[in-house]
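Add chain A to chain U, keeping to what the hints say.
Chains U and A, in that order, give the protein sequences. Positions in the first sequence are counted from 1; adding 403 to them yields my numbering. Positions in the second sequence are counted from 1; adding 1002 to them yields my numbering.
No lab work stands behind these hints, which were simulated from the structure alone. C-beta atoms are modelled at their ideal positions from N, C-alpha and C, and glycine is treated no differently. Do not take every clue at face value.
Here are some chain U residues pointing at chain A (derived, C-beta under 7 Å) [stated by the list, open to error]:
#, residue
1, Val446
2, Leu450
3, Glu499
4, Gly502
5, Ile503
6, Pro543
7, Ala544
8, Val644
9, Trp653
Computed list of lysine-lysine pairs in BS3-like fashion (alpha-carbon distance at most 30 Å, straight line) [what the hints assert, rightly or not]:
#, chain 1, residue 1, chain 2, residue 2
10, A, Lys1120, U, Lys470
11, U, Lys537, U, Lys427
12, A, Lys1221, U, Lys476
13, U, Lys618, A, Lys1221
14, U, Lys427, U, Lys476
15, U, Lys476, A, Lys1413
16, U, Lys476, A, Lys1023
Using C-beta positions, here's what the derived DEER-type ranges look like [unchecked claim]:
#, chain 1, residue 1, chain 2, residue 2, range
17, U, Leu454, A, Ile1205, 19 to 29 Å
18, A, Asp1371, U, Asn594, 15 to 25 Å
19, A, Arg1305, U, Lys548, 36 to 46 Å
20, A, Arg1305, U, Asp433, 34 to 44 Å
21, A, Pro1282, U, Lys432, 39 to 49 Å
22, U, Thr599, A, Lys1027, 45 to 55 Å
23, U, Asp433, A, Arg1271, 22 to 32 Å
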Amino acid sequence: MDDDRSKWCFHTLGTYINHDDWHKTPEGKDYFASILRHGKRRVFGCLESPLTLVPSHLEQPKIMKYKLCLVGKTGVGKSSTVAKLCGQRVPTTHVETPGIITSVTYWPAKLKHSGKHVMFRLQFWDAGHAVQRKFDHIHPACREKAQAVLYFFSFIDRSSFEDLRTQFSKSLSNEDTPLLVVIGTKYDQYNRSEITSRELLDFQKQWQVPILKLKNVLKPTETNALLAGDSCAEIDDVAPVMNTLVEYLWIHDQVLSGNIELSSSPKLNTSREEETHSASDRDSDEDEATYV
Amino acid sequence: MAVHLVCLTNEGGVPLFTRTKGDVKSLAFAEQGMLYGVQMFAQNHGVKLESTTTEEAKVIWQVFHDSVTLVLVTSNDGSCDIHYKTLINHIFHAMVMFIGLETLVSIRTVEKLRREIKVCYPVIDTLLQDTDLYGALSSSVDVLVSAENTTLQEPLEAFVTSAESTFGCLHADGKLVVATSNWWALSGQEMMLVAKFIQSLPIGTSSDVPIYLPHASPKDPHRLLSIHLQPGVVVSVLCYANPTLAEAEEQLIEPAWRLHHEALRAIQRAPSSNIPRTIPLDAGILGYVLLNTDQHKCLSSVRLPLIAGGAAELKPLPPYARREILTAFYRTVVGGLFPPSLSPERQDSSGEAYKCLPHSAEETYMCGDDFKTYALNSGGFQFFVLFSSAVPQYAMRSVTKNLLGTLSKEKIFVDRRTKSS
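Looking at chain A on its own, in the form it has when it is part of the complex:
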């Protein structure tokens, strides 16, 4: 699936950058100009052009703050526009995260902006890529459930306090393991974008990067210190002038984390199911996505191990196929039947299909030649499960409900946000 992204100034349509996904040539200058021109024509006639579909592709336009126009061209999978708009919204806010809202709203020199904007590419490219993580799709942060979720809270708090901050978190392999209550109070999009950025850092490094929180502080930069405690395990803290990176590394890391080697090693070796081995999984389950729509947390895996003798072993699906099916299922159901989980700041036009339903949908399922899927929407959770086609239809509902019952009680889903803010 090829994707083209074009970013232009809204005034004048000067191209700022383009990104592509897949083995395709980037769009020619004339094509970029045409995409901009169509939108500008509509704008001049008092019409807001949002999207269009061709035989194969879908084109989405969005203008941010009357300053920056983003155009996304991607193959049309028939799902609601909301998912394309979510992606385009993430891309703009990734730009805000690195260069600040003011630079984007009042563009002084295009040349300078073009140079500055390059720092956003790694995160934007990750957003365009297919990944095993479902956070970007659901505007929430990917989390990991492990026995260490509680053990590691205390050293994190100690470290963040010693760095004179209240915003801090620990990621393992791009998934949030523990965070301070202020961190959990950030929007799902912010937590997700920071997680994507931390994942894009070279392994084993320490970094000190100025970032603007897209919603909490889009105009004032903070310093995000991220330090690899072990390869893939990164502790981050958001701070002002102090401490310096050298101080944090040399003086603050050791006291807080020294005694927690084992716990850190355990999350580094967390199973690919992203949940502890002690939680029993039905042998027919190939993958799942669990969303806490209220707290903007996303727990997922498409790499559940095949259990010997289990139903799934008869027709094994490779992880990429599982990912594609679950993604397609999610994109069909959310927006179509279930309400999407969006950042509260987002003001999108309505008209999503789920709003036309006479009642709110709670469960749905789908069967294909080599898979079955089941989805539940209940009690602040949306749960999507991919089954092997060998699992009988009648079993899917109870298996899904039981697993949701178990997982939703996990510590990671305890609401740790500070309510005051």
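Isolated chain U (complex conformation):
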């Protein structure tokens, strides 16, 4: 498994952004305090921003805005993933999204090379699958100027994975070069998985995209911890995924603007075999954001 993984690490995670529980360090805590309120994630309206809440004695972080477009079959877990990553309650039953719904979440991070702090502002553009088919304007509006496209499949729905291939061939013909990420949902039901790890590897090999595995459910104990207002529990829970996502976005940006040199293509597909994956020293069963 480790061999496979090292072969397909696109970029060593943690090279550019501090992963290792930065949010638990005293410095990280100060920054994370600006996106929390009573131990829960603070919700920001269109007119608000966490910058005013960063204590004045700290270095004011630069806001990095990203638009992320979500693509995937109906019921695959797009809206639930957004709710999870934004620190909101994940609905227990499937709710069909009636149009475009965009959600903003902020995530502070520290850049390793410069030591500078940045505040990532991720705007997720989520649109219901049924409504996209009925109205033509929805999908273009989501794709317009999106820096990243997140493709969703569900581990317990084989057809959602099959759909990915067609969607990939469609999107890659576009001229703009957004970051592509594949997200596999319902990983908690791994024993019912209809997709083998070999297939995932092959897919990754073919399209050169990172695949994140998510479970949008909480164990009862974790729910209790959240309700008890333990400020770190929820952040702890999503930190691996969020850090991975923002690091990929940042690297993609840097590559596009030529600040980071990659050997050949503009995509994040340099496979440096000698480097081991930073996530490999963690327990891969516990980690939601490991790579195949």
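Just chain A now, with coordinates in the frame of chain U:
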């Protein structure tokens, strides 16, 4: 109180969806078929089956446009059928709002309709739930009275104009705060359904959703842009192709609303009484519902704070009990004594009890073990007040009249509708 809702095609009785409220299993396929069969049997014999009562429950049938049959099974509280029919009517129009009248009238493929109809569930479920808001019950939109009602009119107009529209409004916590004159000209049901939808959106989001106005444009969709300015405070505008959601968010919000942070924050923190703290309330009042039947506005609260030393403090009723009593009182009085406030489009069969009265009732009251209620019907307003049982009977009339006098003069009840349409 358990509720079952079954939606079937009128031709063939194919189930489209079912919803339930409360901790109950949804009806079995055979039960759904039976409910449909009874109605179909009547229909084939030239009889329109409207409702029936069992020992505990009430069943209401309604066929819309000879295409969709809705069946509502709910516990019988003894109130007029009009309230059940209002609910079933709201449910159908919520379906129209999301998928359009044409799709519902001429059903091509049932499978496709079943998939499309799923977008209606959140609003339909809200309609079935008990809420602190009385808009759905009274076919009107819930409003909020605050000092900012006038301050926020100007930025709203500016924003709506910049979005090349004349339909726009601002909601706080599911209640309408300000709206353009064209918005106020919509029917009470439309304003209420849009408010319910906006309330169902995840907090902090911006959205661009195609909606059909059930009465104003049931066949042509518009785009409803709704943007959370602050958590719980949402500005909405109804438009055609332009502007895009991204344009509205990035270019139009800032100029219109930048200078109004404080006013927005004030309505976000509006008191649970839904009226400004400057309006004096009698200490014996636990809750109220005020309807403007002509403009289809509803102002209500069941969360009035208990005033220390006041009469209500002796036997405090929790908010859910206040809500239940006020709802029951409203359902008994309206239809029974007072005329219901309905959308003009609605053509229901007559036979409501209030029509049999020799004169029109203007006031009524009711006393229970732990509460007293008083209702007034005067000058386009219907006012229902819940008192603590400690308040003496003789005081209720004057207290109710005084409060109505004060509240009815509030800016929110100024008629802002454009008359031309």
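Measuring from the C-beta of Ile503(U) to each C-beta in chain A, is the shortest one below 7 Å? The hint holds - Ile503(U) has a Cβ within 7 Å of chain A, the shortest such distance being about 4 Å.
Holds or violated: Val446(U) as interface residue toward chain A, Cβ cutoff 7 Å? This interface hint holds because 4 Å falls under the 7 Å limit.
Under 7 Å, Cβ to Cβ, is where Gly502(U) needs to be relative to chain A, so tell me if that hint holds or is violated. 3 Å, holds
Quick check on the hint: Leu450(U) CB to chain A CB, less than 7 Å? 5 Å, holds
Pairwise hint evaluation, Lys1413(A) against Lys476(U), where the allowed Cα distance is 30 Å at most: Answer violated: Lys476(U) to Lys1413(A) is near 48 Å, above 30 Å.
Hint consistency between Lys427(U) and Lys476(U) [alpha-carbon to alpha-carbon, up to 30 Å]: Given pair Lys427(U), Lys476(U) is violated - Cα atoms ~36 Å apart, limit 30 Å.
Distance restraint between Lys1120(A) and Lys470(U), which requires alpha-carbon spacing of 30 Å or less: The given pair, whose Cα atoms are some 27 Å apart, holds under the 30 Å limit.
Confirm or reject the claim that Thr599(U) and Lys1027(A) have a C-beta distance inside 45 to 55 Å. Since Thr599(U) and Lys1027(A) have Cβ atoms about 37 Å apart, the given range 45 to 55 Å is violated.
Assuming the hint says 36 to 46 Å, is it satisfied by the Cβ distance from Arg1305(A) to Lys548(U) or not? 44 Å, holds
Are the Cα atoms of Lys1221(A) and Lys476(U) separated by 30 Å or less? 27 Å, holds
Minimum beta-carbon distance criterion (7 Å), Trp653(U) to chain A: 22 Å, violated
Closest C-beta approach of Glu499(U) to chain A relative to 7 Å, hint status: 4 Å, holds
Hint check: violations occur at hints 6, 8, 9, 11, 13, 14, 15, 18, 22; the rest are consistent with the structure.
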